[in-house]
Structures are given as structure tokens and as C-alpha cells.
Amino acid sequence: MLRRLAVISALLGVAFAALPARSARRPRYGGTLRVEMGASVASLDPAGAGSSPEEVAALAQIGPLVFEHWGAVDTPVGAAGSGAFRVTSWEAGKRAVLAANEEFREGRPFVDSIEIVMGRAAHERLVDLELSKTDLTEIAPQDARRAAEQGVRVSASQPDELLALVFVEHDAPRISGSIASGNAAGRAGGRASGRPLAPAKEEVMGQALSLAIDRVAIVNFILQKTGEPAGGLLPQWSSGTAFLFPAAAPSAADLEHAKELSKEIAAAGPLVLGYDSADPLEQSVAERIVVNAKEVGMAVRAQAIAGAGAGNSRGGALQAGHLDVELVRWRMTSPLPGEALRDFFSQIYAGPLAGVGPGAFPEAPSPEDIYKQQRTVLSTYRVVPLVWLPQVYGLSARVRDWKAPGPGENWPLADVWLDAETATGVQ
Amino acid sequence: MSYDSRTLMRPSRGLPLAIRVALYTIVLGLFLSGAPRVSYAQAPSELPKSWNDSVARLADEVAAAMSPTVVKLDVENISSLDVSSAGAIEAAVRVQLQRHSFSFAAEDSAAAQSVARLQLSLSESAAEYVWVVQIINDRSDGAVAPVMIVAAPKADFADAAAGARTLSLEKRFVCKQAERFLDFALWKDATSGELTLLVLGTNRLTTYKPAGSQWQLSRTSPIPQAAPPSRDPQGTINLAEGKITVRGFACVGDPDLGEGVRCSASKPIRSLDGPRIVIPGFPNSLGTDVKGSCRGDFVFLFTAEGDRTQSDSIRGRLTKGIPLPLVPSGNTLEFDGPVMALHPDPADGSARAVVHNLKTGEYEAYIVTATCGN
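Each protein sequence line maps, in turn, to chains X and B.
Start counting the first sequence at 93; every next residue gets the next number (this note's numbering).
Start counting the second sequence at 82; every next residue gets the next number (this note's numbering).
Hints may be right or wrong, so weigh each one.
For lysine to any residue, the following SDA-like pairs were computed, each having C-alpha atoms within a straight-line distance of at most 25 Å [as the list claims (entries may be wrong)]:
1) X:Lys-386 / X:Asn-312
2) X:Lys-464 / B:Lys-235
3) B:Lys-235 / X:Ala-456
4) X:Lys-225 / X:Ala-191
5) B:Lys-252 / X:Gln-439
6) B:Lys-257 / B:Leu-320
7) B:Lys-372 / X:Ala-456
8) X:Lys-464 / X:Pro-454
9) X:Lys-351 / B:Val-225
10) B:Lys-269 / X:Ala-152
11) B:Lys-257 / B:Pro-425
12) X:Lys-464 / B:Gln-215
13) B:Lys-269 / B:Lys-235
14) B:Lys-252 / X:Lys-386
15) X:Lys-495 / B:Asn-412
16) X:Lys-464 / B:Asp-270
17) B:Lys-324 / B:Asp-270
18) X:Lys-464 / B:Glu-157
19) X:Lys-464 / B:Asn-218
20) X:Lys-317 / B:Ser-161
21) B:Lys-257 / B:Ser-431
22) B:Lys-257 / B:Gln-215
23) B:Lys-235 / B:Arg-175
24) X:Lys-464 / B:Ala-137
25) B:Lys-440 / B:Trp-296
26) X:Lys-495 / X:Ala-152
Since the hints were derived computationally from the structure, they do not count as laboratory data.
Between the sequences and the hints, there should be enough to build the whole structure, so can you do that?
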């Protein structure tokens, strides 16, 4: 008995003695960080890269690792290899190996190299994380909770990506958000019957939808609470005024008001709602909106648009005159509300609203200016905010000093180090 | 300036700790008293001017939106402001509204149920505080309540971010030798770029030049010893002034420290020797300040409070000056023996440490660098 007590005491002593050493552990050099991405990047040259938004987004993460600076318009500054890492192997669209730049002016990165595997599907990335075959990968927000429950280390940013309904602009050029990849081709939208909606009808439809959609349910059930209901065009942490745009679940009065509005537009026929067929989140949200709309007597038909978010395909669908409204994802490019809203105008809402676009936006907007600009846009109901999404990442147990990047920030892979003593198995 | 306040086995050199700390804190106090300091946990009348201006602007906008009347003011703080700051802002808003002839219904009065309601929300954006007043109406027509919004600067937003910064210490081994030495210095010739290592022993200054990965003896300059010799000799190399100080003597370069020294007797300041005291919050160990600052604080390095039979460590501490204590920050550097000397280095955030390695018996020279980071 005494011997057993002595052994337990000794083990406890060793454990407690180890604690301070672990907490004070300094960064270590060495190791290969394994990264998996969904997108496939063909080239580090933005001019040579493909046009899909996923590829552009992936390039915007890899590029800054290799170049000294990555310009505001996704263009490299300096020679390749002037960044924290140098490319030692590049298989276009498949795999890349980057080696630490010993001469990097901000100091050599902690890891010796980064191995990037591209074109991995979301479920493959999750499985690889669970099996400790990768160290870092993006996780879809709706999968975050399940991943955490299965023992994956999850890191989430502040909510910085807006999922919103945007009415398709008729007879005017409009740039859609991340989905449309900046393709400015004109889009002649229209009703399923071929008749474009009058602006007044659109406004009534938008208001009815805005009142009927249960954003809280979308967050709780579809996103598994990874996200926030959105009432404004900027999140509360950025603007400080999002609370002035309520996004609570619809009240009985809201639903009653929505029913009255839907009666006004009953003759217009079903509204066609487009979503990216390659985006399961958009599909789920679109289906939910159809249900919510039906509850207030509105006919909405969800229509998948093939092309995995490629602007051309969607543009083609729009030009064919099949869509009235579409789901759009817009990611903030700056934490500052003025800059973010200006980007929103240029990406999402260029043109259709006279006097609301960037031209009317003050150079240094006050919080009141920002509030009023949002209010002006939202009062047209051409944009109906739904939810704010964070960027979610899965990490292996050995990744240290990772901080989920905020709007406008890049992956901090030069700061990340690998804890060699941490088991690489499932936590 | 360096400190030695170990009471047991580490006799002090120079001024006693109490006097040196007193002089230092007086100097720091004088320096810092000229710098503006803002605490936002203050009474209404003491709000920063920019905040007062924002409150006044908010009240002006309310007065422009509605006629003066009896109102009920509800306050919600959804920002990172603490309770006392939020209370101070609310009080300031009330004062400003009263100046516009608004009056407030008592909280529990019957009148409070029927008067106009103002909702003051203390919010914040990514860059600044955002204070909002909504004029709440109970109309059911769905009209948006009138909204007044003003911005107020955050409490030194950059400083707040810097508040998360801590010291990170790193040590760089320079050289070691069996014989005890008091200080060392790395000196780079401005014209030739040649590196020189100066090692101050108890009775000589030795100059080394790099030879491959080793240091090669270049020159030795004798340094006279005071009689009787100290059992705890101490000395420093001051590269900036080109001189060496050892107990009883001051030496200058001839023509520079790398080429030889001329020493002359210096009178020790005995009148300031006094009893050693321990100041609460001030480490009872060897310490030095280093050049530079972290989040606006002064940076100090202190050893552990052991004696010379024990292994030792160096840890950074930060202080804004008066009042002490110095707050520990960042990691701790461990050594296999006592730190015998710790001198500030001319380089930013650096100090020179002489360590007696108890495992090998040798004396080791380290450059300790403190960097400020997240």
C-alpha cells in the first residue's frame, strides 16, 4: 500500500513539475507543416491563375507566404522567394512545397517547410484531420461543431462573411460577391414567366422575405450555432451599430405583416431563388427560405446553379432570365467598418442604387454615416442579410501559435511552430 | 545602471540599492509626470475631453430631434467599457441633457411609464466607441426609431492592443573561460567592420579577435587591483564612453579599449554605503534596466533570488515607473549557475550576463535580448 502511494506521489510530482515547463514553452524551429486546401491553384501568378473565387482566395493565402508583400488587389510585391518561404516544388493545382526562407527580413519562420495539398474535398480534409494526416485546413462553418465533437481542434475567426439574399438587377451591370468572382458581365434577370419584376414589387418581396426568414433557426440548426443572425451589412464587432438592425426570430406580428405583403404580390408568380449548387450551406439555407416563405404565403422556388460558384456559369443562368434573387457570400476585406462597407458597395452593390454607391460614401465615414448607408440600402430590401459566418480552421494537436486571421489578414504560417512532443493522434 | 540587491551572498557594488532605487524612481517620476495619463474610470467631470465632446454632441442631436421634456433614460453597455466608465458616461449624458432643459422621471414613478424613453447604448466598433441614443416610440407602424450616433476614441486603442504584448527573452552564448571575469563586450570597428571581444578579468582586460569559430587572443592589458583585493570583484565595460570601471580604478582606452588602457585611481563613494533594505515589489536580486520599452513600460531584467550555489534564471519585468512593483512579463531564461553580473548593453533591449556554470565550473558570457511581442 505504502509503495503504491509512493509511486502515485512520485507520478503526481513529475506531472506537476512538468506543467510550468509546458506552459512556458518557447517556440521551436523545425518540422513540416501539412496544409490541405479545397481549391486548386494553378499558378502563383495572379494573371495566370484561374478565375474561380476559391482559387483566387487560395492564391491570396499562398501568395503572401512567398512574396514579401501581397498587394491590396491580390498582386505580389517583390520577387518570388522574398517572403517567409520559398517554393521548392510546385505541381499545378495539386501540391506545393515551400521551404523556410533563412534570409527573410522579419526572421526565419519556425517551421522548416510547408506542404500544401490542393483540391481536397471538405470531407476528405476533415477525415485527414481526424487521422492526423494534416495539420491545418479550412472547415465549413456548418461542419465546425461536428468536427469539434470528434476531437478536432477548431479555430474560428470573428464572424466576417455575410450570407445574404440579393435581388438580381435587371438591365444594369452588377458585380456579384465572392461567388461571382468579379465578373462584371451584364445580367438580365427576370421572372420565371419572363417578365422582370417592377422595383416596387421587388421591394415588397424583399420586405416580405426579410420578415419571414427565421435567421435564428438558420444559425441554430443549419450552422449548428457557428455564426450569428445578420440584420445589417456589417457585424456588431466591426460597426458597433449592428444591434440597430435586429435579426431576431420573426414575431407573430412580423409573420402577419409578411402575409399581408405576400398577398400584394401573389399575382407575380413564384420567386426564383438561385444558389450555388456546389455549396451545401447555400443549398440548405435556400431550402429553409423556401419553407419560411411558404409559411407566409409566398411562392419561392430554389434553383441550383451549376459551376461551383464560378461566375460565368451563374452569370449564364442569370442571363438566361431564370433568377429573381440569389444567395451571395461576401467576405469582409477590412475590420474597419468604413472600408468594409465601401468594399461591399464595390463588390456586391455597384450600380443599382443611385446615390447609395461608393460615390456617395464619405471618404472618412462616421459611425452615423455607416449606419445611414446601411439603413438606406436595407430599406430598399434589395439586399436581405441572413447570417454572419466565421472562418473556421481545423488544427492538429502539434500546431502552436496559430491565430485565425481576421478580415484582410493572411494565414500567419511564419509564426506557427510545431510542438514535436505533442502526440499527433486524435485528441 | 544596474542593481544588486541580493542580501545574502551577493555584496553590492556602487550605490546601495535603497539609494539607487530612490534616485531612479525620482527620475522616472519626474519624467512620467510630464506624460499625460488617462484613466477612464473617472467621475463624470473627469471624462477625457474627447469623450465629453462626444457626450455633448449626442445631447445636442437629441435636443435637435425632440423638444425638451421629461424623459426616461435607459442605458445598456454592450461595449468593453467597465461599469464605472459606463456610469460616468451615463452621468455625463444626463448632465448634458439637463443643460438642454430635459428632465428625468423618477425610476419608479407613475410618470416614468408614460414619458418619452431614450435608450442609450454604449457600443463599440473595431476602431472606436460608438454611443447611440434611440428615441423609443411605441407606435406600431413599424417606423424606425430616430437614432443619434456619435463616436468616441477608445482608451488609446493602440495601447490597448499593445497591452497584450509581453517580453520575450532570448540568450545568446558568446564565450566561456575557466577564469572568472567581470564583464565582456562585443565591439565592432566602425571602419574595418572587424569584430572584437573584450573580456574584463579581475586584473586584466583581454582582447580577442575572431578566428574561424573561435576567439583568438589578441592583446592583454593589465589592470591594477585595489589593495586589499575584494572578495567580490566587480567591474564594467562602458563602450559608449570608452572606459572601464573596476573597484578603485577607472581606465580609458589608449587609444581605444582594444589597443590598451590607462588606469587611474578613483575614489570610491563610501559615504553612500548603508544598510541594505528590501523594497516590496522590487526583486531581491541582481537586476538591470535595458534600453527600449514594451507597451510604453520600462523594461528591467532580474535574476532569481537564489545564492551563488544555485542555478539561476533571468526574467523580464515591466513598470510604468512610480509606483513599483515591477510586473513580471514573458518567459524566463534558465542558467546552470548563478548570474554573477548583469550589465545593460548599448543595443536595444539587451543586457550582458556573466554566468558561473556550476556544472562545468566555467564562466560564461551571454547576451540577453528582450523583445516585445504578442
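Do the hints match the structure? See the list:
Of the pairs offered as hints, the one joining Lys-386 (chain X) and Asn-312 (chain X) holds, with about 20 Å between alpha carbons and a cut-off of 25 Å not exceeded. Restraint check for Lys-464 (chain X) and Lys-235 (chain B): satisfied, since their Cα atoms lie roughly 22 Å apart, inside the 25 Å limit. At roughly 17 Å between alpha-carbon atoms, Lys-235 (chain B) and Ala-456 (chain X) fall within 25 Å of each other, so this suggested pair holds. Pair hint Lys-225 (chain X) plus Ala-191 (chain X) holds up; C-alpha atoms about 19 Å apart against a cutoff of 25 Å.
A hinted pair counts as satisfied when its Cα atoms are at most 25 Å apart, and Lys-252 (chain B) with Gln-439 (chain X) does not qualify at roughly 50 Å. For the given pair, Lys-257 (chain B) sits about 20 Å from Leu-320 (chain B) by alpha-carbon distance, which is consistent with the 25 Å threshold. The hinted pair formed by Lys-372 (chain B) and Ala-456 (chain X) fails the criterion: a straight-line CA distance of about 38 Å is larger than 25 Å. Proximity of Lys-464 (chain X) to Pro-454 (chain X) is assessed by CA-CA distance (about 11 Å); at most 25 Å being required, the pair is judged to hold.
For the given pair, Lys-351 (chain X) sits about 20 Å from Val-225 (chain B) by alpha-carbon distance, which is consistent with the 25 Å threshold. The hinted pair formed by Lys-269 (chain B) and Ala-152 (chain X) fails the criterion: a straight-line CA distance of about 43 Å is larger than 25 Å. With a C-alpha separation of about 19 Å, the suggested pair Lys-257 (chain B) and Pro-425 (chain B) falls inside the 25 Å cut-off, and the hint holds. Simply put, Lys-464 (chain X) and Gln-215 (chain B) have alpha-carbon atoms about 14 Å apart, close enough for the 25 Å limit, and the pair holds.
Only pairs whose Cα atoms come within 25 Å are accepted, and Lys-269 (chain B) paired with Lys-235 (chain B) is rejected, the gap being roughly 45 Å. Straight-line distance between C-alpha atoms of Lys-252 (chain B) and Lys-386 (chain X) comes to about 69 Å, which puts the hinted pair past the 25 Å bound. The straight-line distance between the Cα atoms of Lys-495 (chain X) and Asn-412 (chain B) is roughly 20 Å, inside the 25 Å bound, and the hint therefore holds. At roughly 63 Å between alpha-carbon atoms, Lys-464 (chain X) and Asp-270 (chain B) are farther apart than 25 Å, so this suggested pair is violated.
Between the alpha carbons of Lys-324 (chain B) and Asp-270 (chain B) the distance comes to roughly 16 Å, so the proposed pair stays at or under 25 Å and holds. Among the hinted pairs, Lys-464 (chain X) with Glu-157 (chain B) is consistent with the structure: their alpha-carbon atoms are about 21 Å apart, no more than 25 Å. The hinted pair formed by Lys-464 (chain X) and Asn-218 (chain B) meets the criterion: a straight-line CA distance of about 19 Å does not exceed 25 Å. Distance hint between Lys-317 (chain X) and Ser-161 (chain B) is fulfilled; the C-alpha atoms sit about 23 Å from each other, no more than 25 Å.
About 19 Å separates the Cα atoms of Lys-257 (chain B) and Ser-431 (chain B), which keeps this hinted pair within 25 Å; it holds. A C-alpha spacing of about 71 Å is found between Lys-257 (chain B) and Gln-215 (chain B), which places the hinted pair above 25 Å, so the restraint is violated. For the given pair, Lys-235 (chain B) sits about 21 Å from Arg-175 (chain B) by alpha-carbon distance, which is consistent with the 25 Å threshold. Taken as a hint, the Lys-464 (chain X) and Ala-137 (chain B) pair is honoured in the structure, with Cα atoms around 21 Å apart against an allowance of 25 Å.
In summary, the hint linking Lys-440 (chain B) to Trp-296 (chain B) is supported, as the alpha carbons are separated by about 23 Å, within the 25 Å threshold. Taking the CA atoms of Lys-495 (chain X) and Ala-152 (chain X), the gap is about 17 Å. The hint holds against a cut of 25 Å.
In this structure, the hints that do not hold are numbers 5, 7, 10, 13, 14, 16, 22, in rising order.
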